[in-house]
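Each chain, written out:
Protein chains: 2
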Amino acid sequence: MRKFNLKNSTTANVASMSGYVPGEQPSTRAWVKLNTNEFPYPPSPKVRSAIISEIGADASKLRLYPDPLSSSLRRALEKRFGLPTGFGFAANGSDDVLNLAVRAFTDSQKSAVSLDPSYSLYSVLAKIQNTKFIEIPFKRGMEIPFDDVISSGANLLFFTNPNAPTGIGFPIEAVERFAKNFNGIVLVDEAYSPFSAFTAAPLVKKYDNLIVVGTSSKGWGLAGMRIGWALANPKIIDILDRVRDSYNLDRLAQVAGIAALDDEAYYAKMRVKIISEREACQTFFDSLSWPYFKSSSNFILFTPRDAGGKSGPKVAANFFGYLRSRKILLRYFPREKSINMSLRISIGTHVQMEKFKKAAKAWLKEG
Amino acid sequence: MRKFNLKNSTTANVASMSGYVPGEQPSTRAWVKLNTNEFPYPPSPKVRSAIISEIGADASKLRLYPDPLSSSLRRALEKRFGLPTGFGFAANGSDDVLNLAVRAFTDSQKSAVSLDPSYSLYSVLAKIQNTKFIEIPFKRGMEIPFDDVISSGANLLFFTNPNAPTGIGFPIEAVERFAKNFNGIVLVDEAYSPFSAFTAAPLVKKYDNLIVVGTSSKGWGLAGMRIGWALANPKIIDILDRVRDSYNLDRLAQVAGIAALDDEAYYAKMRVKIISEREACQTFFDSLSWPYFKSSSNFILFTPRDAGGKSGPKVAANFFGYLRSRKILLRYFPREKSINMSLRISIGTHVQMEKFKKAAKAWLKEG
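Quick note, the sequences are listed as chains Z and W, same order.
Here my numbering is used: the first residue of the first sequence is 1, the next is one more, and so on.
Here my numbering is used: the first residue of the second sequence is 1, the next is one more, and so on.
Check before you lean on any hint, since a few could be wrong.
[Claimed, not checked] These stretches of chain W come out as covered by chain Z in the derived footprint (C-beta under 8 Å, 3 or more residues):
hint: 1; region: 92 to 101
hint: 2; region: 239 to 245
hint: 3; region: 252 to 261
In case anyone wonders, no lab produced these hints; they're calculated from the structure.
Bear in mind the structure is a predicted one, so any value in this text is a computation, not a measurement.
Idealized CB from N, CA, C, for every residue including glycine.
Turn these sequences into a full structure, and let the hints guide you.
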């Protein structure tokens, strides 16, 4: 008779870990949902047309496997970011790309490093891979401790730019300094770059250790379709191709991604609106004397102060709960000590942002 | 200045491997495509309706993240396979599930085992994970060497049933014998079970080490949408949840999967047609005295004999090329020695199968 014990049959690292917990996704649409940095407007009308066309009269194309390489989507990425053929790579959301990088470039000998705070998924992926994960705190004023990162001994650097969850954007010189000096792969996670002034994409032609990662979720209004990408030297792309799933993107996601990248005019217009709401929200926080990080993203990390001027985890939790009871959903990170006195607000439509501001004022009066 | 060498920065196992090579996916529709075991009919009309409804008038739902748990799809799977709540799990194709199992249940200490021949992806996934992969050959007449598998010392067993690439289906007693006696996780890969007499799904209620894996690609006409699943004890599902991508299935794939599972009447009718064509094709091979494995799948592995009665790798390659030049695409595995005298034909529509038979007869005349 067999001897079976699930814990013993599970790898030690997975047996002792918890999965990544994403932000809440309420199933009704009654919410003012400002918790997971989604684009507040629908995707380009071209996206809808492209999907409908691929489905056709009887959806018969869906019975056939998709292009395993997502070749047309790769070409669309290269065109959009001004890169030669062979520099583009597509995957099932940018989280998928992050996972592939961990699998290809880290193991028990090769560790990963990121600044703290950064996107909290990195450490979960490292745990699954059973690799060492080094977190190096930002210096005072959220300055980058370049030397500490470069001398960390890690083989894979995750550099979130603009940063999450602070929203701070770093100049392209920061990326270049890492690419020039880090003894390993420099992965720049640019999920939020559509809301900042620049992308490091052109640098992948110059640096053979640089991977620029992007997603259609934040800047192209397609979080529901799971389309992410990597831009890098073709030799790096070859490595990512070895470890990815053969058919990693379905037919509808591939055509949706292509259509979105092809309608820059629409997205440029919508991003102007989002950036304008972001600036207005920061002015609002100024008017209340609430501290926040000046954002280059589509969200703001801010620290609410109650009517008596107090801030802290309890105040943040109280304001979060107050908003939640009024169907306004922000993101709160109670377990992350460096930011648990703050809340993160995704920039929504004008109407949504006005609702938030009104509720904030009411909380101050009632509190 | 940095020291960077891509090979040194890549894990040793990934640096030395090649990726999995999937079957050819021609970009035009001019082919009689019988090479990757796709369903020859469109998916249920309910699938099209469900996707169109989710897209809506302006595709605005696509801007929102999907349900990270694919909860409704899990409930649809549990209903379809008669299992209690908590036994269903959905992922980006069944390849994704296989990958998650390798990550959760194998490492440098815990190895994987499968019978040979089986689905060739297993060994690629083991290589990425840097785990030992044991292949145990089938006995004469494709009998299962139960004792060799059970005493292999592996922690994860991949049991493909019906088998790929032979198409042979094994009775449920074989699954039960493994579940009862194997000291680790027994993963039954049932990609082709819609074309056989049974599924081992009900056994997951009885055996806490059993995972039954399925896909909508073969039996539900949705290869283009990447919807796979696992059925297992909730404790195993919890482990898979820890290592999966948070948003592993996009919105349209989730609703497509639910709609397909909900239209068993349509699929039952179409599968009868496919099974009938399969039986007719076997009769055709009998008439030519071409050996084949009696199939419980939607494909047949057969050994072509030329006009002089000869078979072998050269004959197979010749017949494959002959068909290819006539836009009829089968699958040939030149590098797999145990089957390189054979070809695999996916069962198509009646019209497609007649074209194949006609071409086979012409080849015999011309050859």
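Checklist entry - Which hint numbers does the structure go against, in order from smallest to largest? => result Checked against the structure, no hint fails, so every one of them is satisfied.
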